[in-house]
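Engineer: One-letter residues, chain by chain:
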Amino acid sequence: MSSFTKAFSSTLGKKLIMSLTGLFLCLFLIVHLLGNLQLFKHDDGMAFNVYSHFMTHFPPIKIVSYLLYLSIVFHAVYALIITIRNSKARKVGYAVYKGSANSTWSSRNMGILGTILLIFIVVHMSNFWAEYHWGGLPFIKYETSLNNPEEVKVTKLPYNGNELVYSQYVDTQAGTEVVVAKDLNIIVMDLFKIWWYVVLYVIAMIAMGFHLYHGFQSGFQTLGFDHKKYKPVIDFLGLWVFSIIIPAVFAAMPLYVFFFK
Amino acid sequence: MSGNMNLTLKVWRQKNAADKGGFVTYKADDVSPDMSFLEMLDIVNERLVKKTEDPIHFDHDCREGICGACSLYINGRPHGPKQAITTCQLHMRSFSDGETITIEPWRAEAFPVIKDLAVDRTAFDRIQEAGGFISVNTGGVPDANEIPIPKVVADEAFNSATCIQCGACVAACKNASAALFVSAKISQLALLPQGQTERYRRVQAMVAQMDAEGFGSCTNTGACEVECPKGISLTNINRMRRDYFNAKFFKEEEIH
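Listed in order, the protein sequences are those of chains L and D.
Residues 0 to 260 in numbering that gives the first Met the number 0 are what the first sequence spells out, letter by letter.
Residues 0 to 255 in numbering that gives the first Met the number 0 are what the second sequence spells out, letter by letter.
Incorrect hints may have been included.
Ranges of calculated distance between the beta carbons of each label pair, as one might list FRET restraints [stated by the list, open to error]: (1) D:Ala-17 - L:Leu-238: 27 to 35 Å; (2) L:Ile-120 - D:Asp-28: 29 to 37 Å; (3) L:Phe-235 - D:Asp-124: 51 to 59 Å.
Chain D stretches covered by chain L per the calculated footprint, using a threshold of three residues with CB under 8 Å from any CB of chain L [claimed, not checked]: (4) 68-82; (5) 115-129; (6) 245-255.
Keep in mind the hints are simulated off the structure, nothing from the lab.
Yeah, the Cβ is synthetic: ideal placement off N, Cα and C, and Gly gets one too.
Input sequences plus hints: build the corresponding full structure.
Structural biologist: See below:
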């Protein structure tokens, strides 16, 4: 075995894979959140639909998206491998175990939280990602007046796989800027009108908050990052940004659509 | 005597490594709150011997918190409910009259039970033998303070060196990981000039032995740090990771 394979098959190395994939997924969350903030706009989903097209067609983003799928798979598979080894390390458990006396609840339940998140990711991707790629989405046409950008004419176009493609052009005769795009926005709006989807999404975001409360700072520790000067910064970001703000804003999206759109 | 306590003990009894084992309940009556936990067990054992029953086996030696021999997982926590002490330093005043106390051995596949509450902790010795040393040639005694070492570095190395190898970190960890012990033993040498020559060989050898012994992965729960009777900090584990990844990914292994 080479030095690299040996390193990655050790208990420290397997955790290194968990850390690198996990932190990459954290980074993705920021981008995903910022993009999805466009759902809060009242523009019949124009910005969101244009953004969806960009994210699925811009080559550098596509490369990153494959990295993302790989990260999810590796994170889950290695979690399983590590958990199996860890349970083999203590086959006979304790009759009385007071974990709460020495560790946080999240840190002891990363596997359960991660499983909830994996189920959520499968549901989430089949709802939107698979739908967008292969689902036969309806199209939508936005005609924005060049003289008055406030004036937008929206036409819904039913699904027509052979003829409709994404297009963006200026119609000089009509004096409008035309955008034709797959209407992912309507799929999101329809789904978030179903109460139990909203509940599922909110539960998943709570689970993500707890998962990242331990996961974010733990990822840095696994890399060996630990210093009095910047450990508090990592802990602060892990708590406020990754386990409170990001999950809260994500959870706000289905709630907002359900109650106000 | 007034103020003495009557306790119920649920003690793990296991004849040998092959035996399945199980809990046996004992009455520990008239226990003074000023006794140490091990003295209380001594009294229970004396009563068992008088009744010609097999006394409860448990590890102990110095009984002043410096040798690392005593263990015992008491009421769900290694070395009992108090922090920064070993079981021998735990006093019965930490319990209340009428309480039921559950006493279990350290649980880890790498620490097989020898008998009752005594476990085999030689896995730690084998990890130490794999690299927890420095090689020094024989010769004249070097002058004191010949090699300058900054105070903070010396203090940090001594903090790591206070590990008494009791195994509470493994017992406390939900993954039965030995990361805190191994990293303390690596750190105490890696921090000092004398440990530099073998620094990267050492970390690789000791981690490899730790894995071979069947300890789990560290998932940074921090339970070990809280339960360590000597207050060894998690910083050691992170230092071990830095040295290990540094050795594996960035250091020369052969001349080329």
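Engineer: I want to verify a distance hint. Is the separation of the beta carbons of Ile-120 of chain L and Asp-28 of chain D within 29 to 37 Å?
Structural biologist: Violated, at about 58 Å.
Engineer: Cβ-Cβ distance between Ala-17 of chain D and Leu-238 of chain L: within 27 to 35 Å?
Structural biologist: Violated, since Ala-17 of chain D and Leu-238 of chain L (Cβ atoms, about 48 Å apart) do not stay within the stated range.
Engineer: Taking 8 Å as the Cβ threshold, is the statement that the region 115-129 of chain D is covered by chain L upheld or broken by the three-residue rule?
Structural biologist: violated (count 0)
Engineer: Taking 51 to 59 Å as the stated bounds, is the beta-carbon spacing between Phe-235 of chain L and Asp-124 of chain D within them?
Structural biologist: Because 41 Å falls outside the window, the suggested range is violated.
Engineer: Mind checking, does the region 68-82 of chain D have 3 or more residues with a CB under 8 Å from chain L?
Structural biologist: As far as the region 68-82 of chain D goes, the hint holds, because 5 residues have Cβ atoms under 8 Å from chain L.
Engineer: Taking a Cβ-Cβ distance under 8 Å as contact, does the region 245-255 of chain D have three or more residues in contact with chain L?
Structural biologist: With 3 residues close enough to chain L, the hint holds.
Hints 1, 2, 3, 5, counting from the list given before, are not met by this structure.
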